[in-house]
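If you're matching them up, the sequences are chains S and G in order. Each residue of the first sequence is one higher than the one before, counting from 1 in the numbering used here. Each residue of the second sequence is one higher than the one before, counting from 1 in the numbering used here.
Incorrect hints may have been included.
Label-pair restraints from in silico Cβ distances [stated by the list, open to error]: (1) G:Leu-250 <-> S:Phe-10: 55 to 61 Å; (2) G:Lys-133 <-> S:Glu-97: 44 to 50 Å; (3) S:Gly-96 <-> G:Pro-201: 34 to 40 Å; (4) S:Gly-229 <-> G:Asn-175: 52 to 58 Å; (5) S:Ala-55 <-> G:Ala-264: 37 to 43 Å; (6) G:Ile-173 <-> S:Ile-156: 36 to 42 Å; (7) G:Lys-6 <-> S:Phe-33: 53 to 59 Å; (8) S:Thr-22 <-> G:Lys-98: 39 to 45 Å; (9) G:Lys-98 <-> S:Arg-5: 38 to 44 Å.
Taking lysine to any residue and the SDA-like style, the derived pairs with C-alpha atoms no more than 20 Å apart in a straight line are [claimed, not checked]: (10) S:Lys-104 <-> S:Lys-203; (11) G:Lys-88 <-> G:Met-187; (12) S:Lys-203 <-> G:Ala-47; (13) G:Lys-252 <-> G:Thr-97; (14) S:Lys-95 <-> G:Ala-82; (15) S:Lys-190 <-> G:Trp-172; (16) G:Lys-17 <-> S:Arg-94; (17) S:Lys-203 <-> G:Lys-88; (18) G:Lys-202 <-> S:Ile-46; (19) G:Lys-252 <-> G:Ile-8; (20) S:Lys-203 <-> G:Thr-97; (21) S:Lys-190 <-> G:Ala-35.
Sample of chain S residues lacking proximity to chain G, with all beta carbon distances greater than 10 Å (derived) [claimed, not checked]: (22) Ala-57; (23) Gly-58; (24) Glu-97; (25) Phe-130; (26) Asn-181.
Rather than coming from a laboratory, the hints here were simulated on the basis of the structure. Note that the Cβ used here is the ideal one computed from N, Cα and C, for glycine as well.
These are the residues of each chain, in order.
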Amino acid sequence: MRVKRYLKLFWAFFRFSFEAETEFRSNLIFWSFENILWMILGITSIHLIFGQVEAIAGWSKNEVFLVLFVASLFHDLCWTLIFRNLEAFSRLIRKGELDNALLKPVNTRFLLSFKILEFDHYVRIALELFLIYKYIILTTGYFSFTNVLAALFLFICGFLIFYSIFFALTVTNIWFINLANLIDFFHTVKDLGGKPIDIFKIKRGFLYFFSFVLPVGYIATFPTEALMGEIEVSKIVLAPVLAILSLWASQKLFNFALKYYSSASS
Amino acid sequence: MAKTIKTISAFFKAETKKTLAYRGMVFLWILGWIASFITMVFLWRSAETQGTLAGFNQNQIVTYYFIGILVWAVCSWWPFWAISEEIKDGSIVQYITKPIDFHWCRLGSEIGWHTINTLFYLIFFLVIFIFVKHFLVFNLSLRQLLIFVFSLAIVSLVNFEFNLLISTTAFWILNTGGIGSLYWLVMSLFGGQIVPLAFFPKWSQTIVKILPFRFMYSFPLEIYLGQQSGWPLLFSFAVGIFWVVTFYFLFKHFWQKGLKVYTAFGQ
């Protein structure tokens, strides 16, 4: 019953966001086009790097492309589902208007996380899915549904982990007030995940940090390894543990931070 | 002249106080840059190659990104987002209804923000230095150092004037976010932020070197690494100054045009 209610609510958010976006159609087309330009920038960068090197930490050019496309998919899902919401959440705290959300008869975190959806990433998402398929064939020579399922599982866990980390960081606005550039910081973290984390192998401490503490490997490297059928079982087992732990910790932080929140009589 | 200095000084003071009050933002920028720097260093150190990378050895590459942090801290004069917001929400009226020149007000604010910003960056810059000093290249003479500092001034001004110019688009269009994003995209690539410009194919080198984007980031780094000297260096400075002057006059032109079509309410 509860799930049904929230699904209905999500559908309503989806409809309102879609209507709002299609109200400004030229804007939607412009951003869809520009998002593709950003993707071309990523591809050009890898071409320029591989114009000088043969491999990066044992990853060939095509494998690095696969990492890039998985990371881009992660980026697009972040923008489609959560970034705009976290930006709005941050603004509500800064302006002292969060109580508007707190007083609604719905789970506050759900409301703050999914109220606004973006629609200018769909062309890119379709393109990325196609390119991921193409580069799986190019790198491995075959397409395995088992590998795709494993990759999807890791990708979803990675998404939950970073959604929780980003949410928790946004919550810190309650103490630091004017962190208006949080989204830019999220981009940097996300960009870290857009490279094969084996680059950190030369310093084990960094490798462990980016595998388990700030596990950027779950953004693209581990799902890509799964797509290529080279994933270690331990990484699959650890993924849901980290996802649940980060969801739980971010919720605890949110509850704790709310005790320090002061409104501006909105 | 005295009035201009007074204006710059007043906005400088106001902005330093504001930046100190909201230092959390500065720390986030710094953390972001450290993360990017670490990634690029590890990326290039794990690169498998035979010979040099477009004329760079591995230590020069690390130095490029390391000094890049300093260039970024000092030169990223980007008032675009703030000004276009002020034009859209009408708060720009506070400048245009007063007998002060908007250009110099913003210059004072930018110097203020970057003074505090650079001081914060320097602390972290020195900490990172301790960890990476073995990989860094230091062979700068006093003369080169002075040229390097001068190039930082040119880069700051190119960034500043170009940002002022594109912020005037807010007088005519609503979606300035798209313009900002497009500018960022082109600058990241052609400014040399992602990879040094020497990595570009040979046929594109001449074009890339006279585009204004090179003078938004890469130029001081080329000087630091000793890739520019003699007449080519002088020519590069001339091109940089050309862009500063061109953007300044274009801004003045579009600012006046924009004010004629501008409407604001409730201020």
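Quick rundown of the hints versus the structure:
Look at Leu-250 of chain G against Phe-10 of chain S: about 47 Å separates their beta carbons, and that is not inside 55 to 61 Å. At about 48 Å, the beta-carbon gap between Lys-133 of chain G and Glu-97 of chain S stays in the expected band of 44 to 50 Å. Look at Gly-96 of chain S against Pro-201 of chain G: about 53 Å separates their beta carbons, and that is not inside 34 to 40 Å. The hint said 52 to 58 Å for the Cβ distance between Gly-229 of chain S and Asn-175 of chain G, and at roughly 44 Å that hint is violated.
Taken as a hint, the range 37 to 43 Å is violated for the pair Ala-55 of chain S and Ala-264 of chain G, whose Cβ atoms sit roughly 56 Å apart. For the pair Ile-173 of chain G and Ile-156 of chain S, the supplied restraint of 36 to 42 Å holds, since their beta-carbon distance comes to about 38 Å. Between Lys-6 of chain G and Phe-33 of chain S the C-beta distance comes to about 46 Å, which lies outside the given range of 53 to 59 Å. Roughly 41 Å separates the CB atoms of Thr-22 of chain S and Lys-98 of chain G, a value that falls within the hinted 39 to 45 Å.
The hint said 38 to 44 Å for the Cβ distance between Lys-98 of chain G and Arg-5 of chain S, and at roughly 54 Å that hint is violated. Restraint check for Lys-104 of chain S and Lys-203 of chain S: the C-alpha separation of about 49 Å exceeds 20 Å, so the hint is violated. A C-alpha spacing of about 24 Å is found between Lys-88 of chain G and Met-187 of chain G, which places the hinted pair above 20 Å, so the restraint is violated. This hinted pair checks out: Lys-203 of chain S and Ala-47 of chain G have alpha carbons roughly 14 Å apart, not beyond 20 Å.
With a C-alpha separation of about 17 Å, the suggested pairing of Lys-252 of chain G with Thr-97 of chain G holds against the 20 Å cut-off. A C-alpha spacing of about 18 Å is found between Lys-95 of chain S and Ala-82 of chain G, which places the hinted pair at or below 20 Å, so the restraint holds. The hinted pair formed by Lys-190 of chain S and Trp-172 of chain G fails the criterion: a straight-line CA distance of about 34 Å is larger than 20 Å. For the hint linking Lys-17 of chain G to Arg-94 of chain S, the alpha-carbon distance of about 19 Å falls within 20 Å, and the restraint holds.
A distance of roughly 48 Å separates the Cα atoms of Lys-203 of chain S and Lys-88 of chain G; the hinted pair therefore is violated under the 20 Å criterion. Taking the CA atoms of Lys-202 of chain G and Ile-46 of chain S, the gap is near 17 Å; set against the 20 Å cutoff, the hint holds. Straight-line distance between C-alpha atoms of Lys-252 of chain G and Ile-8 of chain G comes to about 18 Å, which keeps the hinted pair within the 20 Å bound. Restraint check: the Cα-Cα separation between Lys-203 of chain S and Thr-97 of chain G comes to about 58 Å, which exceeds 20 Å; the hinted pair is violated.
With a C-alpha separation of about 10 Å, the suggested pair Lys-190 of chain S and Ala-35 of chain G falls inside the 20 Å cut-off, and the hint holds. Not every Cβ of chain G is farther than 10 Å from the Cβ of Ala-57 of chain S; the closest lies at roughly 4 Å, contradicting the non-interface assignment. Here Gly-58 of chain S does not stay apart from chain G, with its beta-carbon only about 8 Å from theirs, under the 10 Å limit. Here Glu-97 of chain S stays apart from chain G, with its beta-carbon at least about 17 Å from theirs, past the 10 Å limit.
With a minimum CB-CB distance of about 22 Å to chain G, Phe-130 of chain S clears the 10 Å threshold, and the non-interface call stands. Not every beta carbon of chain G lies more than 10 Å from that of Asn-181 of chain S, the smallest distance being close to 5 Å; the non-interface claim is violated.
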